[in-house]
Amino acid sequence: MLKLALGPIPYFWPRNEVLRFYEEMAQAPVEIIYLGETVCAKRRQLALEDWLMLGEGLAAAGKQVVLSTLTLIEAESELGALRRLCADAPFMVEANDMAAIQLLQGRDFVAGTGINVYNHLALSRLARLGLRRWVLPVELDHAALADLQRLRPAGIETEVLAWGRLPLAHAARCFTARAHGLPKDDCRFRCRDYPDGLLLKTREGQPFLNLNGIQTQSALSQCLIGELPALEALDVEVLRLIPQAQGMSEVIGLFDRVRRGDLDAAEARRRLAQLAPIGLCNGFYRGGPGMAMTVGALT
Amino acid sequence: MELVCPAGNLPSLKAAVDAGADAVYLGFRDDTNARHFAGLNFSHEQLREGVGYAHARGRQVLLAINTFARPDGWARWQQAVDRAVALGVDALIIADMGVLEYAAQRYPEQRLHLSVQASATSVEALRFYHEQFGIRRAVLPRVLSLRQIEALVEKSPVEIEVFGFGSLCVMVEGRCYLSSYVTGESPNTCGACSPARFVDWQEQADGLHTRLNGILIDRFLPEEQAGYPTLCKGRFDVCGRVGYAIESPTSLNTLDLLPRLLGAGVAAVKLEGRQRSPAYVARVSRVWREAIDACRRDPAGYRPRPEWMAALDEVAEGARTTPGAYHRSWQ
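Just so you know, the protein sequences line up as chains A and B, in that order. Per this note's numbering, residue 1 is the first one in the first sequence, and the count goes up by one each step. Per this note's numbering, residue 1 is the first one in the second sequence, and the count goes up by one each step.
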């Protein structure tokens, strides 16, 4: 059966909200939980020690805990924090930047969505360095995944982002601060006001992107609930679900019931559409524009 | 400090060399490089002629194979490496770990540069590519401040090349999937951002609409100058306010930072614009050649000349320039 993994929280939630969220998630039917700040180093409501403490609790609840690293490393202080995380982690680490892979080589690690593995040679090279699991890059489709699964080295798990707003880009600039006329160095943590990010619409009112500090996400939530049979047929082991501020337990419950065969995928998709902040897309996996949504069997 | 200039075709290559480029960078006429535009780039024969022209004048040719190979297209990337080495290019500029692996193993003597598309922004990332593949130079993404670049050059195991001028990528290169989110094609997979075949210009009652695969990127009044709908440089609505939420149409220009880049030990400055005309290449290359020479002669007394800045502003995207992430206030 497909395993469910809860991705790291992409947003800046208050400390108590984070703790409450993981209390709830400890009871949710996910096998793997990724913890840590992956977007902005200025968000420090939880220190590494706090994440480790959270991780111990979740591990005691039977979850496999993975610590995720920052995606864009710029300052020396960020590199120092990364070195500390990679050196001290009692859990497996998910690398979201090549700097983390440099620090983790020789140990088991996960290559996250920020690592560009587009072919079998890259996959094999990382496998020789300690890769245990990799996440399919967001813009790769079913056909590329099929090739990569056929050619992947033994002992590697494959994870696919099955739910949530897509991490599409990272920048030096903070777009949430910019929307409020503030520079990043004086951001006043405005991203704390947007637990699901700040919606960017076109000039004709179409929801388009979602600003989350230095990260740009899709406005639509990627939903591969209809693709579970295709993913299983390709021996994908793990589905990643990205946290959102509301309704995450319901989202997980729907994926859980569909993977167990207890609920029809079409019915689940109808309910997931209600739980998405804006709407659904699955275009990347279908081999088209990521924002597209196609229903029906994969050809 | 080397001056590395863009060459989208043979006339541009010659223009760059004649204007004083120490090296030109270019790509084959397919999706193995990140400027895969119609009518651009080099056939095998043109590359042979270009290498001959540059080498006869003591200049270098750097060949970009800097997109990411999917398994089904792998042979094309492998052949690009083979052909480039056979033609005697001075370095390959590569982003993909798989392509790096092939080039490093098959041609251990070949000089390899790490493309900006590999997205290496820290000394640990540079060490990774240096130790795993023996890269000798890395091009830095346009996300670091000047102070961060200075600190990085000091510790880097390889030469550092930075962007000096040209169209500005706001997002960290190699990890931006905005273009494929809208069109299905991205710099990583197809070698183009916001590809022209998805662009639509529509005259409407309320102005000129520019769309990318149906998404309204911007709308221009008659008195406004309409720009190409690069999707991160459009005007959008955030919190009910319409504006350039990500970045305005503008070009990067670091001409006034040259003494610090030189002092930091930056090995090379790269000018963007393989998709631009030979006239653009000649103009920006000449300005930068004069500037680098002036800065080398007298770093303390160096000031960008007004005529240099004017010449660059004229060809800049949106006719405006910015120091970008090099200045923290931009971030």
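In short, the hints are calculated from the structure, not lab data. Cβ atoms here follow ideal geometry from the backbone N, Cα and C, with glycine treated the same way. Treat the hints with care, since some could be wrong.
Across the chosen pairs, the derived CB separations fall in these ranges [as the list claims (entries may be wrong)]:
no., chain 1, residue 1, chain 2, residue 2, range
1, A, G287, B, M309, 54 to 62 Å
2, B, Q79, A, G261, 43 to 51 Å
3, B, L262, A, L129, 34 to 42 Å
Some but not every residue of chain B turned toward chain A, in silico, with C-beta under 10 Å [stated by the list, open to error]:
no., residue
4, D72
5, Y181
6, E185
7, T189
8, A226
9, Y228
10, L231
11, D237
12, G243
13, E247
14, R303
15, V315
16, W330
Against the structure, the hints:
1. G287(A) with M309(B): 54 to 62 Å: violated (46 Å)
2. Q79(B) with G261(A): 43 to 51 Å: For Q79(B) and G261(A) the Cβ distance comes to about 46 Å; the hint holds.
3. L262(B) with L129(A): 34 to 42 Å: For L262(B) and L129(A) the Cβ distance comes to about 36 Å; the hint holds.
4. D72: Given a least distance of 6 Å, the restraint on D72(B) holds.
5. Y181: holds (4 Å)
6. E185: holds (9 Å)
7. T189: holds (6 Å)
8. A226: Hint violated; A226(B) Cβ to chain A Cβ min 14 Å, cut 10 Å.
9. Y228: violated (17 Å)
10. L231: L231(B) check passes; min Cβ-Cβ to chain A is 9 Å, inside 10 Å.
11. D237: holds (4 Å)
12. G243: holds (9 Å)
13. E247: OK, holds: E247(B) within 10 Å of chain A, min 8 Å.
14. R303: With a closest approach of 27 Å, the R303(B) hint is violated.
15. V315: Violated: closest Cβ of chain A sits about 24 Å from V315(B), beyond 10 Å.
16. W330: holds (7 Å)
In this structure, the earlier hints numbered 1, 8, 9, 14, 15 are contradicted, and the remaining ones agree with it.
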